[in-house]
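*Asks:* Position chain B against the provided structure of chain A, taking the given hints into account.
Just so you know, the protein sequences line up as chains A and B, in that order.
Each residue of the first sequence is one higher than the one before, counting from 22 in the working numbering.
Each residue of the second sequence is one higher than the one before, counting from 124 in the working numbering.
The set of hints was computed from the structure by calculation and includes no laboratory data.
There's no promise every hint is true.
With a straight-line Cα cutoff of 27 Å, these simulated BS3-like cross-link-like pairs (lysine-lysine) come out [stated by the list, open to error]: (1) A:Lys135 - A:Lys79; (2) A:Lys79 - B:Lys180; (3) B:Lys180 - B:Lys206; (4) A:Lys70 - B:Lys165; (5) B:Lys180 - B:Lys165; (6) B:Lys201 - B:Lys180; (7) A:Lys89 - B:Lys165; (8) A:Lys89 - A:Lys79; (9) A:Lys90 - A:Lys70; (10) B:Lys165 - A:Lys90; (11) A:Lys70 - A:Lys89; (12) A:Lys70 - B:Lys180; (13) A:Lys79 - A:Lys90; (14) B:Lys201 - B:Lys165; (15) A:Lys135 - B:Lys165.
Estimated spans, in silico, between C-beta atoms of each pair [unchecked claim]: (16) A:Glu85 - B:Ser196: 34 to 40 Å; (17) B:Gln187 - A:Asn82: 37 to 43 Å; (18) A:Gln63 - B:Asn151: 18 to 24 Å; (19) B:Arg145 - A:Ala74: 23 to 29 Å; (20) B:Gln187 - A:Glu92: 40 to 46 Å; (21) B:Gln134 - A:Glu131: 32 to 38 Å; (22) B:Ile161 - A:Glu92: 27 to 33 Å; (23) A:Ser35 - B:Gln134: 37 to 43 Å; (24) B:Gln140 - A:Met104: 28 to 34 Å.
Since this is a predicted model, take the numbers as computed values, not measurements.
For glycine and all other residues, C-beta sits at the position ideal for the given N, C-alpha and C.
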Amino acid sequence: AQSVTQLGSHVSVSEGALVLLRCNYSSSVPPYLFWYVQYPNQGLQLLLKYTSAATLVKGINGFEAEFKKSETSFHLTKPSAHMSDAAEYFCAVSDRRNQGGKLIFGQGTELSVKP
Amino acid sequence: EPEVTQTPSHQVTQMGQEVILRCVPISNHLYFYWYRQILGQKVEFLVSFYNNEISEKSEIFDDQFSVERPDGSNFTLKIRSTKLEDSAMYFCASSVQQGQETQYFGPGTRLLVL
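The following block holds chain A by itself, in its conformation from the complex (with noise of 0.2 Å):
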């Protein structure tokens, strides 16, 4: 079965720093990746996702991740975090067998920037 889990339920980080926020998977075939950002009272958006093709994935507002398949990883980065970026970050990964096309979601990580 598979499973998403992302290490750290709250990271905090100054304004300017880097943005780190972990997810590691297991999936027993390589798997579809998505990373979706909540806003306060907001559904969920998606930031980018991984597909097969380049291992290196670009999203919106600054942020990519990198597809690790050594590592079971799927790690979100942004080099600069601005007071925007506050919000809950969420990995989620899809069975690309599944014909139901569920997405399994980790537990969350709420990200705080610091003026």
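*Replies:* Below, chain B without anything else, positioned relative to chain A:
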């Protein structure tokens, strides 16, 4: 930009009552989903729906739950007899295709069962 909408944004109900949560997916999307998030827990998959049939459902999606696309625009989740543990945020999502295609999420309906 097209978006998924959900109504109501908040619903309070008594245990044992029936509730219907409504969603309007993006118009050209063919796959529809319901997820829920109990406070402080993961977002959990409930069900996926395509071509007027359930494609997949989770263990959570038992006989008290049902989904329907009553017309060309709405997608509903019905909980027949609500329990306290059904209190959660319920998210609707839609996508053009399944798998690698992006699922677009609505803002959610917060359901509180008393």
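*Asks:* Compare the structure with each hint and give your call.
*Replies:* Structure-based check of all given hints:
no., hint, in the structure
1, A:Lys135 - A:Lys79, "holds (24 Å)"
2, A:Lys79 - B:Lys180, "violated (32 Å)"
3, B:Lys180 - B:Lys206, "holds (19 Å)"
4, A:Lys70 - B:Lys165, "holds (19 Å)"
5, B:Lys180 - B:Lys165, "holds (17 Å)"
6, B:Lys201 - B:Lys180, "holds (14 Å)"
7, A:Lys89 - B:Lys165, "holds (24 Å)"
8, A:Lys89 - A:Lys79, "holds (15 Å)"
9, A:Lys90 - A:Lys70, "holds (15 Å)"
10, B:Lys165 - A:Lys90, "holds (24 Å)"
11, A:Lys70 - A:Lys89, "holds (14 Å)"
12, A:Lys70 - B:Lys180, "holds (23 Å)"
13, A:Lys79 - A:Lys90, "holds (17 Å)"
14, B:Lys201 - B:Lys165, "holds (21 Å)"
15, A:Lys135 - B:Lys165, "holds (26 Å)"
16, A:Glu85 - B:Ser196: 34 to 40 Å, "holds (36 Å)"
17, B:Gln187 - A:Asn82: 37 to 43 Å, "holds (39 Å)"
18, A:Gln63 - B:Asn151: 18 to 24 Å, "holds (22 Å)"
19, B:Arg145 - A:Ala74: 23 to 29 Å, "violated (36 Å)"
20, B:Gln187 - A:Glu92: 40 to 46 Å, "holds (41 Å)"
21, B:Gln134 - A:Glu131: 32 to 38 Å, "violated (25 Å)"
22, B:Ile161 - A:Glu92: 27 to 33 Å, "holds (30 Å)"
23, A:Ser35 - B:Gln134: 37 to 43 Å, "holds (40 Å)"
24, B:Gln140 - A:Met104: 28 to 34 Å, "violated (42 Å)"
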